[in-house]
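**Student:** 0 is the number of the first residue of the sequence shown in numbering that gives the first Met the number 0; add one for each residue after it.
Read the hints as simulated data drawn from the structure, not as lab findings. No experiment lies behind these values; they were computed from the predicted model shown. Using N, Cα and C, we set each Cβ at its ideal position, and we do this for glycine too. Check before you lean on any hint, since a few could be wrong.
As the list claims (entries may be wrong) - Listed next, with one range per pair, are the computed distances between beta-carbon atoms:
#1 ASN164 x MET76: 32 to 40 Å
#2 GLU6 x GLY63: 56 to 64 Å
#3 LEU69 x TRP8: 33 to 41 Å
#4 ALA66 x GLN120: 16 to 24 Å
#5 GLU56 x TRP8: 41 to 49 Å
#6 GLN120 x ALA84: 33 to 41 Å
#7 THR115 x SER143: 39 to 47 Å
#8 GLU57 x PHE24: 25 to 33 Å
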Amino acid sequence: MTVKKPEHWIEQTIAIARSFSGAQFSDADREQALAALDAMIEALQNIRNRLRALPSEEERRRVGNAADALEQFLDSMKARPDVAASLGLPQTKAPSLPRKREDIQTVVANLQDLSTDEIQQRLLDEREFSVSMLHSVARQMGLSVDRNVGRRDLVDQIVKLGFANRRGYRLLGGARQGGR
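Please build the complete structure, drawing on both the sequences and the hints.
**Tutor:** Okay, here's the thing in structure tokens:
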């Protein structure tokens, strides 16, 4: 016997209703299946809501930049005894980081001997390099960077444009000269 395939949604609905009328489910089985489906739906909705609550890459970058700016601001306030006292911040002396052109040149020369990962790690160390120092390093390397860029983005530019790209160009230039 051939079963006629329903062509219209009403016929499909009737076919589904007929298939349920012959099902061998008890009411308890049906309730148990519905409860399990409700629990799965609730768990999936919970996962979806948590994923929606995660910040986007842009939001994470903005928060990181804001944290860098706030940290830089607080560091500058700690160096001013009167302001630090009024804000309840511990007073610190301004860091004695190399600021002269010769000192910056020495810092850049020392960094060139390191791998890019080591350079990035050192530049991200706030005890060793202030944001102002990072800007000096960038200027020394001939990079033009925005004064408002966050610490992480600034370090990223120095490592990629100042060190990694130059190493790549040097290697390419050496390969071309050696191949001629």
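**Student:** Is the gap between the beta carbons of LEU69 and TRP8 within 33 to 41 Å?
**Tutor:** violated, 59 Å
**Student:** Looking only at beta-carbon atoms, does the pair GLU57, PHE24 fall within the given range of 25 to 33 Å?
**Tutor:** Violated: the Cβ-Cβ distance is about 50 Å, outside 25 to 33 Å.
**Student:** Is it true that GLN120 and ALA84 lie within 33 to 41 Å of each other by Cβ?
**Tutor:** At 35 Å between Cβs, range holds.
**Student:** Could you check the hint for me, namely that THR115 and SER143 are 39 to 47 Å apart, CB to CB?
**Tutor:** Because 21 Å falls outside the window, the suggested range is violated.
**Student:** Quick one: are ASN164 and MET76 within 32 to 40 Å, going by C-beta?
**Tutor:** This hint holds: roughly 36 Å between Cβ atoms.
**Student:** Given the hint of 56 to 64 Å, check if GLU6 and GLY63 actually sit that far apart at their C-beta atoms.
**Tutor:** holds, 58 Å
**Student:** If you check the beta carbons of GLU56 and TRP8, does the distance land in 41 to 49 Å?
**Tutor:** The hinted range 41 to 49 Å holds for GLU56 and TRP8, with Cβ atoms some 43 Å apart.
**Student:** When you take the CB atoms of ALA66 and GLN120, is the distance between them in 16 to 24 Å?
**Tutor:** Since the Cβ atoms of ALA66 and GLN120 sit about 19 Å apart, the hinted range of 16 to 24 Å holds.
Hint compliance for this structure: hints 3, 7, 8 are broken, all remaining hints hold.
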